[in-house]
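Peer 1: Just so you know, the protein sequences line up as chains A and B, in that order. Residue numbering for the first sequence is 1 to 367, as defined by my numbering. Residue numbering for the second sequence is 1001 to 1568, as defined by my numbering.
Worth flagging that the hints you see were computed from the coordinates, not collected in a lab. Each hint should be verified, as a subset may be incorrect.
Some, not all, of what chain A presents toward chain B, calculated at C-beta under 7 Å [what the hints assert, rightly or not]:
no.: 1; residue: T265
no.: 2; residue: P321
no.: 3; residue: E325
no.: 4; residue: V328
no.: 5; residue: G343
no.: 6; residue: Q361
Result set (DSS-like, lysine-lysine): computed pairs, CA atoms no more than 27 Å apart in a straight line [what the hints assert, rightly or not]:
no.: 7; chain 1: A; residue 1: K360; chain 2: B; residue 2: K1407
no.: 8; chain 1: A; residue 1: K360; chain 2: B; residue 2: K1213
no.: 9; chain 1: A; residue 1: K99; chain 2: A; residue 2: K115
no.: 10; chain 1: B; residue 1: K1213; chain 2: A; residue 2: K243
no.: 11; chain 1: B; residue 1: K1214; chain 2: B; residue 2: K1474
no.: 12; chain 1: B; residue 1: K1324; chain 2: A; residue 2: K271
no.: 13; chain 1: B; residue 1: K1214; chain 2: A; residue 2: K360
no.: 14; chain 1: A; residue 1: K338; chain 2: B; residue 2: K1249
no.: 15; chain 1: A; residue 1: K338; chain 2: B; residue 2: K1294
Think of the CB as a built atom: it goes at the ideal place given N, C-alpha and C, for glycine as much as any other residue.
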Amino acid sequence: MWRAFFLLVLTLDATAQSPQELVNDAIAKQRAGDLEGAVKEYREFLKEHPEATPIRSNFGAALAGLGQFQEAITEYKIALKQSPSAPGLRLNLALAYYKTGRIGDATDELVKVHKESPSNSQATLLLADCYLRMGQNKDVIRVLRPEHQKHPDDMAIVYLLGTALIRDHQVSEGQVLVDQILRNGESAEAHLMLGTSKMEAADFAGARPELAKAVALNPNLPGVHVLYGQALQVTSGPEEATKEFKSELAIDPYNYVANLQIGATLRQEQKFDEAKPYLERALETRPGDLAVRYQLAAIALSEGKADEARRELESIVKESPGFAEAHVSLSIAYFRLKRPVDGNREKSIVERLTAEAQAKQPGVKAQ
Amino acid sequence: MKISRREWLRLAAAFGAAPLWGQQAGNVESAPLFIEIPASQSGISWVHDNAMSAEHYLPETLGPGCAFLDFDNDGWMDIFLVNSGPSDFWKPAKPVRNALYKNNRDGTFTDVTEKAGVSGAAFGMGVAVGDYDNDGWPDIFVTAYGRGTLYRNNHDGTFTDVTEKAGVATPGWTTSSVWFDYDNDGRLDLFVCSFVDYSGEHKFECGDNKIGKKYYCIPRVFRPTASFLYHNNGDGTFTEVSKGTDIAKALGKGLGVVATDINNDGRMDLFVANDTVQNFLFVNRGPGTNGRWKWEEIALQAGVGFSESGQARSGMGVDATDLKSSGWQDLFVANVDHEMFSVYQNNQDETFRDVAQANDVAQATRLLSGWGLKYFDYDNDGAVDLILANGHPDDMIDGYSMQVKYKEPLLLFHQGDNHRLHNVSGQAGPAFQKFFPARGLAVGDFDNDGAMDVLIGNNGGSPLLLKNEAAQGKNWLGLKLEGVQSNRDGVGAKIIWTAGGRNRQRLKNNGGSYLSSHDPREVLGIGSAPKIDELEIHWPAPSKRVDKITNLPINRYVHVVEGKGILS
């Protein structure tokens, strides 16, 4: 996908032979795959001509090609500031964000690209994929339904839309798309969607063989190890599940679910130092995510850093007042900080939330 | 060359190496630590009737409890087994009754239930044994779905139902209960766990499961209830005194309870395991200013109310012990599968830390559901070990779970020199390779050999009696405590002993496990030490007397009376 954006048309109005030669040479090197050489020459050129937006864009692409995404992002942002409407630049920035797991930032940029160029199917698909990764299934459906009407046989669209529908509990409509994939013969995608469908119905034992088949057919299919790992987590246990989550991370180091699940398992095993990098990476993928922040706060509490835990937990319950587990931990943090009044206030909230949940139980109503 | 387990231990000790419990089975042919005594040998032919129906009423899956007690005071542990019975959802087609088995002192038992008058007439759940009237004879309290029963011991092999007269006719659905002296007046009081509100003419059903059949509702769907605390008035009657206290305010779904002293203030506290809601830790704060006793529920801030992830679990069995002989009581709670059990280490400041992961307990229990359990020194080496009885509450779980099964194995943990619990179930004997729908568990020395045996109540099946073979060659002293000013059973007494240069101590807790009641005697294991050099009994209030005893016999039971020393 990256190659499509590597080379923008060079429109530099060179004023001196030497810089023009430098740029030509850099472009040639980039085309030939000598990215390090290209980067060196782009950097040299941009020192003298920082206003050359297309060259900066090329420079960003070369950096991204070398895996230096953070630096690429910096260059793309400078270029965008210089030329906000430069074609492809924002999409490149979004891709760099995507590659570094900053799915939220990638989404922000892709929304703008999609708005400016709704016909850009690559941006649309990428945006849908970002929404899917962030669990925003309804947004996936909103973005892809029109695309599916225009391109009903595009399997990438069918797959993403079908997955989102199933995850959004619109199983019957999702099943139609699963069937469409199945008609094309046995595929990892089809088994993955069937597995997803069963997972949504809490049929974990039924989902397990479907997902195992998907893994066997295409172990590089994005998300396949995560779902299989989740099925194993319920039906087998954390050891087997963690293996799958790690396989996912080998393909996609910023996969949110895989990082969160491994981090949570390690936390439960009280391996706090091992858990933290996974959770921090999950937080990079979904900045501000409550589940990840709660895990990190719980680690701080277990490590005796009650005040650090308190700060984070106060922030979490402010954002999500019904998060009972966070109120439990916050209460404990206050008691450890010798703040019994606050501790008891949180304890009362826990009791209220418990009572409210209890009152909604069907057996209670029947009595 | 075959080496017996005993020889192996001796050789290991001779070379200065501690026995490697976890690796033992692969290296030597070891004798089983526990041997199953079949009904044909013991004479215990009674079978629990769980009343299982197509409708799957929840009480069906919770019993039964069991107890070791010496009802006839002959010095040999007898056995009491609780059964289901008539209820508003079940009318038995044939008589269903509890069972009292008299110990014949030869490894066999005789059913004396009818003569004793303890057959029961309700849907029984659990049993707590205690001498509430301080007459030296154990009395029996049976909990139930429906009316519980207090049986007073008549000293002649019979009992009288004194429930109404005593004022302990507890409504609703009661489960575990415990005798303890919360106000240190020298008389045993009674705490009774209440489970969910299961009232109503038509029982709520949770519909069909994945294989199209009715199943046992998860208790989450039922309303929680408050437990009961009965104060012993000293005249054969009790007064329910929880009103206005945290005990009445704390609405739970109690299944297990242990009485212990978590803060060493000389007052017995209560740790209650609740199903699907948080556990309770009722700390006994003494007399309140309003004329009521002050109980403070501190489970949340103590770190024992919820999981480490802040979630309420399905607490069932509980226990307390001083695991490392630190002088402070640690706690234990068993939960359902995937919730893992907790080993709560006392931080000595009314808070606890779950160290199940550092022990072998967390991983070993991940797929199990735990009910009866007991911290006890099964091999008399002086360190506390642990046994767990497990079984899933859903009889159809095998149909839709790949790993969780209805019948589950027992687990045995041995405490190593590093103070950690190691899973030794693989070496414990054939009974530990079998699967049971286990519920209640009691430990008791039915053959008076100083090794605590195990009795397990199986749901809808025969009880399991395990004879302990693990303590052979180890020295021990058994104590039957008799309080004079303090409660007669000596509940709350602290026992401190020195042997082989090591000091150890034990608090005589009461209750624990699930629906069950243990042998009231305390066996002090001293391993290879030849004798106990000194023994101190710190009797609970009101006496607070400390008896120091030397010149102690070995490998036998002695009767220690407060202020008088050894009687026999």
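Peer 1: The structure should be examined with respect to each hint, and the outcome stated for every one.
Peer 2: Hint check:
The beta carbon of T265/A is not positioned within 7 Å of any beta carbon in chain B (closest approach about 11 Å), and the interface hint is therefore violated. Nearest Cβ of chain B to the Cβ of P321/A: about 15 Å, over the 7 Å cut. The hint is violated. Hint status for E325/A: holds, given a least beta-carbon distance of 3 Å to chain B, under 7 Å. Of the supplied interface hints, the one on V328/A holds, with its beta-carbon coming within about 4 Å of a beta-carbon of chain B, less than 7 Å.
Contact between G343/A and chain B, as hinted, is supported at the beta carbon level, the nearest pair being about 6 Å apart and thus within 7 Å. The criterion of a C-beta within 7 Å of any C-beta in chain B is met by Q361/A, whose closest approach is roughly 4 Å, and the hint holds. Taking the CA atoms of K360/A and K1407/B, the gap is about 32 Å. The hint is violated against a cut of 27 Å. Distance restraint check for K360/A and K1213/B: the Cα-Cα separation of roughly 24 Å lies within the 27 Å cut-off, and the hinted pair is therefore satisfied.
Under the criterion of a C-alpha separation no larger than 27 Å, the hint pairing K99/A with K115/A is consistent with the structure, at around 22 Å. With a C-alpha separation of about 35 Å, the suggested pair K1213/B and K243/A falls outside the 27 Å cut-off, and the hint is violated. Proximity of K1214/B to K1474/B is assessed by CA-CA distance (about 51 Å); at most 27 Å being required, the pair is judged violated. As the CA atoms of K1324/B and K271/A are separated by approximately 23 Å, the hinted pair is consistent with the 27 Å bound.
For the given pair, K1214/B sits about 21 Å from K360/A by alpha-carbon distance, which is consistent with the 27 Å threshold. The hinted pair formed by K338/A and K1249/B meets the criterion: a straight-line CA distance of about 24 Å does not exceed 27 Å. A distance of roughly 21 Å separates the Cα atoms of K338/A and K1294/B; the hinted pair therefore holds under the 27 Å criterion.
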